[in-house]
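Engineer: Sequence:
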Amino acid sequence: MARVILAPTFNSFPVKSSIVDSRRSSNTNRLHYGIKAMNVEKPLEELYKVRVERKVSPERLAELEVSRWSMWKTGKCCLPWDWQVDQLVYIEEGEVRVVPEGSKRYMQFLAGDLVRYPKWFEADLYFNGPYQERYSFRAYGDD
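Residue numbers for the sequence shown, in our numbering: 17 to 159.
Please keep in mind that the hints were generated in silico from the structure rather than gathered at the bench. A virtual CB, placed ideally from N, CA and C, is assigned to each residue, including glycine.
Derived Cβ-Cβ restraints for the label pairs, each shown as a range:
(1) 118 with 76: 28 to 34 angstroms
(2) 58 with 84: 32 to 38 angstroms
(3) 92 with 138: 18 to 24 angstroms
(4) 121 with 84: 32 to 38 angstroms
(5) 74 with 142: 25 to 31 angstroms
(6) 148 with 118: 26 to 32 angstroms
(7) 136 with 59: 18 to 24 angstroms
(8) 58 with 83: 32 to 38 angstroms
(9) 57 with 111: 19 to 25 angstroms
(10) 119 with 74: 31 to 37 angstroms
Use the sequences and the hints to build the structure in full.
Structural biologist: This is the structure in structure tokens:
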């Protein structure tokens with residue numbers, strides 16, 4: 017008897033069907049299992065190489081000397097943005113929705129997140145209220 021091994025990207029579901037058993041020439045109801053492939057999309061952070069650390073510790077912030085970085089503030093608005101160099105951002109207040117160019121999906125970053133945007137990344141930034149960040153431009157290989 018063959019076995020089906022289900023990977024996490026598949027879902028099984030029961031299907032009732034009538035099958036004619038040729039040996040007995042009678043109808044029997046049997047329960048079969050079908051396999052349906054599920055649509056699995058990679059997270060946008062992975063697709064666009066945006067790295068995020070959630071709820072960054074004070075020790076990590078001190079290690080990066082975030083308090084010495086430049087500060088930027090805005091209110092409710094939408095901005096098209098493109099990154100000419102890698103940029104490391106620590107969100108101090110508010111939240112931002114980042115919609116990569118050509119995408120219908122978005123990434124959401126909140127106060128306490130440390131986000132690294134890669135060079136040449138283009139997106140629309142949506143701010144729904146007061147927002148404040150500290151930022152630092154990074155050279156290739158800096159971490």
